[in-house]
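With chain L held as given, fit chains A and U onto it using these hints.
Chains as they are written, first to last, in my numbering: chain L, 1 to 88; chain A, 1 to 349; chain U, 1 to 429.
These are computed hints drawn from the structure, not numbers from a lab.
Among these hints, one or two may not hold up.
Said to hold, decoys possible - List time: in silico DSSO-like cross-link candidates among lysine-lysine, alpha-carbon distance up to 27 Å:
| # | chain 1 | residue 1 | chain 2 | residue 2 |
| --- | --- | --- | --- | --- |
| 1 | U | K8 | A | K189 |
| 2 | U | K142 | U | K57 |
| 3 | A | K197 | U | K270 |
| 4 | A | K130 | A | K197 |
| 5 | A | K307 | L | K56 |
| 6 | A | K301 | L | K47 |
| 7 | A | K5 | A | K189 |
| 8 | L | K56 | A | K5 |
Since this is a predicted model, take the numbers as computed values, not measurements.
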Amino acid sequence: MVKEIERVGLPAVQICAIVPIALTVGANRIVRAVAIPHPTGNPKLEKNEEVELRKKLLRTALRGLTERIQEQTVFKQEDLSSEAGKEK
Amino acid sequence: MGRVKVVHYLNQFFGQIGGEDKAGIPPQLKEGPTPVGQLLEKESGDRFEVMRTIICGDNYAAEHLDEVEAIVLKWVEEIRPALFLAGPAFGAGRYGMACGTMCKAVQQKLGIPAVTAMHPNNPGVDSAGKEIYIIETGDSTLDMKRVVSKLVALSLKVLDKAPIGMPQEEGYLPRGVRVNVRVEKRGSKRAVEMLLKKLRGEPFETELPLPQFDKVVPAPPIRDLAKAVIALVTEGGIVPKGNPDRIEAHNASKYCKYFIRDLNDLTGGEYQTAHGGYDPVYANDDPDRVLPLDATRLLEKEGVFAKLYDYYYVTVGNVTAVASAERYGREIGERLLRDGVQGVILTST
Amino acid sequence: MNQLLLRKVFIQDVVFGDKTEASDHVLRINPEELVRYILEDRRLQSVAIKIARPGEKKRIIPVKDVLEPRAKLGGPVTTFPGFFDSAEPVGTGITYVLDGVALVTCGRLVNFQEGLIDMSGPGAEFALFSKKLNVVLVMEPKDNLGRYEHEEAVRVAGVKAASYLGLAGIAERFDEELRFPVATLGELEDLYRGLPKVIYVDMVIAQGLLHDNYIYGLNAQGSLPVLLSPTELMDGAIVSGNCAAPCHKNTTYHQQNNPIVEDLLAEQGKTLSFLGVIAMPVRTVLLDKERTCNQVLKMARFMGAQGAIVSEDGGGNPEADLMMLARLFEKDGIKTVLVTDEYAGRDGASQGLADVTPEADAIVTNGNGNQYVILPPVEETIGHLEAIDVITGGHTGSLRPDGFIEMEIAGIMGSTVEVGSENLKTIAV
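Chain L on its own, in the form it takes in the complex (with noise of 0.2 Å):
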């Protein structure tokens, strides 16, 4: 859906755990999910780490929808690096 969404004009950033469909599907910008059955969260923290988690993912997520990008990117969660044009 995330394709269809940035091709309207919108930037979407998508957090997926596998990403490598992501990428085959044409996601533009990715940032990878902690697990499939919780994406942004992870229960073998307490609540509050959960909650850093979950604001540092999406910190890494709203660096995805301000940067310009010439091809597909999965958005790391350094602060400072990204890893374009991953295939396969």
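Structure of chains A and U alone, referenced to chain L:
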């Protein structure tokens, strides 16, 4: 030989009512043909007689598909024509969807043959599916005369119950049904010939087109995040407890939006997951694990971005037909854009 | 330069006689002698030799493999290397073929992946085996024989019988001689410098019972890809232990008569330079697929391949290998054509392959294996008719009370074979 009575469906533009500004008009009934209808009559050597033309605004049709279908069926049934034609819709998506839907309804519910025409990528191709013949068009309406003549030729064959040839001959879109045929050359020979063409850079045609996922040019990024309106969307099926709108656990037939202004957190008591494709335990315990509302609100309050959109959109992305997912994405995107959203965060499982 | 001379002895009938020999276009078989030879393998309890001719109202079921009787002139090299005393490289010298005869292994079901051959009626139109004089071994294993032993016993019996009959063809007279030069890479480079260099990747499934292949007599499981010259295939370097599914498994016959090899050789020196064949084992685990595909890429690069034809063996997970190879080859600049078949459902509306990739833009399809057919009853069934209810393509109730069979062509031997021997294709309407 008597003339063939036809009812013709068109949008507001080809019906000569107006442009985008008139896209919201409800169905109108006109006795006789519009200029496109007259072209149909002429191309048929006057065999066709367009008795009625139904004109409907593209937006109205898209937003009230069931209602428009009922009206169209009524107006068609009143005079029971021999043939129902819609479009040509070319690349216009909403128009194509309406054409496909109306044709399918008329053919299946009234038993009247129905034919339309549109671009192969028109989302309307999926709405008519495998049941309706769709003449292939390009993007340009300059092609109208050629398209109309193909439309007429195929319609006449359908009416006369003549054998219909292959898609390439007759000009219709393959309906996605694959049949075995005997050909002159054995598979290995065809493979060698295909390779030679490929090696020489000559055009060749694959015998098994695979579904391909096209790439989209990235949209311009948000320039000033602090001033931006952000929306949350999820394919993870997070819905109010009880799933009041009954989104299906797989192959979802719809998407929904839910109001979240003033809501700072999703709790398991009030929200749940409807998605049947992953272990629901964690999401039901804390739906923020799939739709991260709590953290998004915190970032909003910190001023990282200006405002979280008042609604979130949700569907279930489990074995959902690719065509459906594309349509949901497109519509959600269009609505969010219209409502002033500048960026979207989508979570999927 | 080396060469293979393929001498075809045209056979127009097969009968039983006192001596196994081929003369005047008739193959005479001494059945007792052949039976004794087969039953040297104590794992088999009995074997009956039956003959099914084109046009006869006969049905053969369940079929495990089909082989063509071929033998080499002189020793010690034999066809089907690795199955007898010799594992010496084949593909050169002189090979005799009993053209028109096929050896069919049949008998008690090893497992449900076995198939059917009809000699007349609508079922006969689906594959070349209905036009062969089929010599059928109907074999019963010893009681309580394990399935692996059973499979091996019948497979080896097939090779032995094909070899035994092939030897009968060796005589003064032959009807057609085909000459295949066997060139080294250097010789090909000298001869055909300006022509595009092409390889053929022959996928061979290597996934377990009734899903195996043998290269020089070795089970291909655990084997990395192997380089073969086109003529090695003609001498039985690849023997099939695969039965999945009857419509699209490559029988030993299909490897001996590999049409991709034939059609590439027909263009040798004219439009392309055919470098050789890579037999590529196909395993289920992703790591193995990556390992094997990358080895094939390495070999292809090493040979300087510019184009490749890749054929599938079986269906389902091997399509991941097809796609992986297409990706690797195309990204490396090797133009690739995939040869496969499809399971598009009985209505033809389903996505026919298990995997996709944008680089797979040149595919030849040999038909939809789910096409449904109704076959009339026959006068004689060689084998076990009731097996139809359980074999691939059949289902419970396939054998109707009125004797007709309702089934998918998936159960008919070779109907959609993926090396492209047949002229069936699927089109979208």
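Task: Numbers of unmet hints, in rising order - done: Hints 2, 4, 7, 8 are the ones this structure does not satisfy, whereas the remaining hints hold.
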